[in-house]
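Chemist: Each chain, written out:
2 protein chains.
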Amino acid sequence: MKKKAVVLLSGGLDSATVLAIALDQGYEPITLCFDYGQRHRVELERSRALSRKMGALEHKEIQIDLRQFGGSALTDDIAVPKGRSEGEMTQEIPVTYVPARNTVFLSLALAAAEAANAQDIFIGVNAIDYSGYPDCRPEYIQAFEQMANLATKAGVEGTSKFKIHTPLIEMTKAEIIKKGLELGVDYSLTHSCYHPDADGHPCGQCDSCLLRKKGFQEVGVEDPLVYQNQT
Amino acid sequence: MKKKAVVLLSGGLDSATVLAIALDQGYEPITLCFDYGQRHRVELERSRALSRKMGALEHKEIQIDLRQFGGSALTDDIAVPKGRSEGEMTQEIPVTYVPARNTVFLSLALAAAEAANAQDIFIGVNAIDYSGYPDCRPEYIQAFEQMANLATKAGVEGTSKFKIHTPLIEMTKAEIIKKGLELGVDYSLTHSCYHPDADGHPCGQCDSCLLRKKGFQEVGVEDPLVYQNQT
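For the protein sequence lines, the chains are L and V, in the order given.
FYI, the numbering for the first sequence is 1 to 231, going by our numbering.
FYI, the numbering for the second sequence is 1001 to 1231, going by our numbering.
It is worth saying that the hints were derived from the structure and are not from the lab.
Hints are not guaranteed to be accurate.
[Unchecked claim] Here are the simulated SDA-like cross-link-like pairs (lysine to any residue), alpha carbons at most 25 Å apart as the crow flies:
| # | chain 1 | residue 1 | chain 2 | residue 2 |
| --- | --- | --- | --- | --- |
| 1 | L | K213 | L | H40 |
| 2 | V | K1163 | L | Q68 |
| 3 | V | K1161 | L | L150 |
| 4 | V | K1002 | V | N1117 |
[Claimed, not checked] Calculated Cβ distances over 10 Å to all of chain V for the following chain L residues:
| # | residue |
| --- | --- |
| 5 | K2 |
| 6 | G55 |
| 7 | I62 |
| 8 | Q217 |
These figures come from a predicted structure and were not determined experimentally.
Where a beta carbon is used, it is the ideal one built from N, C-alpha and C, also for glycine.
Please model the entire structure based on the sequences and the hints provided.
Modeler: Structural data, given as structure tokens:
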């Protein structure tokens, strides 16, 4: 029998690749996405579409309103920076940082895993192209795993151990794309932009678009997404 | 200027006492309660009422649907055990356990704290009368704190350190009640029962009611709550 795993699937390029890796490793994925008051709903649609198309066992969409905490350009009306160089991106923690986001998401993934009798959680964090987010670093993931094994029934009873899988953590964007293409990921279904237009077309200029474009350039493959103002 | 703190306030006896302790220590509390699909809504009302009456700075009610994960008598329609001895209560992890509940709640408290520029989080966990919940133990709280300081902007920049305060962790129920009475907590506003009737009156027989009643008996003070079938 296949082992179940909970896969955090935002609908972005990274998490789609993670889902492909979990499937390739023989897991039966339960995909999880969060409606956390993000300004752009296209993410949620892409997550659902990817889960279905790639053959996950089940898809769960969790509503959790992080907007009432404030403090991020992804949920508030703070301007998203555009056209920054990579030096500028990594210099400081960006305004797009959502307070404790990965901690909240991993905690809910842990609840889902515990309820489904799964011990494996996959998350597409990345310490290379991570744009300065503190909760994408290996030492953070390790600390979360340790906490998770003290938090839960299974941990206490010693019957199983939770494992947080971060297959992308040491990969560059180009390596991620290459891996995903090998595994047949349809990147036209993914969404990366912090600032899409009303039809969901990416801006091509925010940090996330710039990293994505550079990744495809390095692999020498065309990004299947249609950018704003593209003819 | 007073320091802000985030206080998890379920509306129960323990968390009301924790709020009194945080106020007594000079903090300005932001109280947080969770609408997580619990079968009994009286908790949410009591939390709001306690926050207002005790003079918290702000009250936040977070909606988060844990029901879709299943697995607990507090959110599902599993029978809540009644009339158990204390030996039976501590023997095993009870069916009232909600998957990863404290982890989910502490993560959201961390998000609230980070957004409000607070470094202090208060939670009423208890390792003595804890009825077998794994996420009430000191080693779990310590692991969460460590993870929190790796997860956040403040932790990375080294500008501040999160502290999870667990003032009740080593106290018996009687000691908690005594402390609360000293600090003027109005326990008639609190709610403990897993199985209240339609008017919110406690059953007097579930684990939570039994621990509460025993605590008041030991202190030699009458519980201000009116129990079901009481004349």
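Chemist: All the hints need checking, so say for each whether the structure fits it.
Modeler: Here is how each hint holds up against the structure:
Between L:K213 and L:H40 the alpha-carbon distance is near 20 Å, which keeps this suggested pair within the 25 Å criterion. Restraint check for V:K1163 and L:Q68: satisfied, since their Cα atoms lie roughly 22 Å apart, inside the 25 Å limit. Note on V:K1161 and L:L150: the hinted pairing holds, with a Cα-Cα distance of about 22 Å set against a maximum of 25 Å. For the proposed pair V:K1002 and V:N1117, the alpha carbon gap of about 12 Å is at most 25 Å, so the pair holds.
Every C-beta of chain V lies more than 10 Å from that of L:K2, the closest at about 20 Å, which supports listing it as non-interface. Annotated as non-interface, L:G55 keeps its C-beta farther than 10 Å from every C-beta of chain V; the closest such distance is 21 Å. Annotated as non-interface, L:I62 brings its C-beta within 10 Å of a C-beta of chain V; the closest such distance is 7 Å. The beta carbon of L:Q217 sits about 30 Å from the closest Cβ of chain V, which is more than 10 Å, so the claim that it is off the interface holds.
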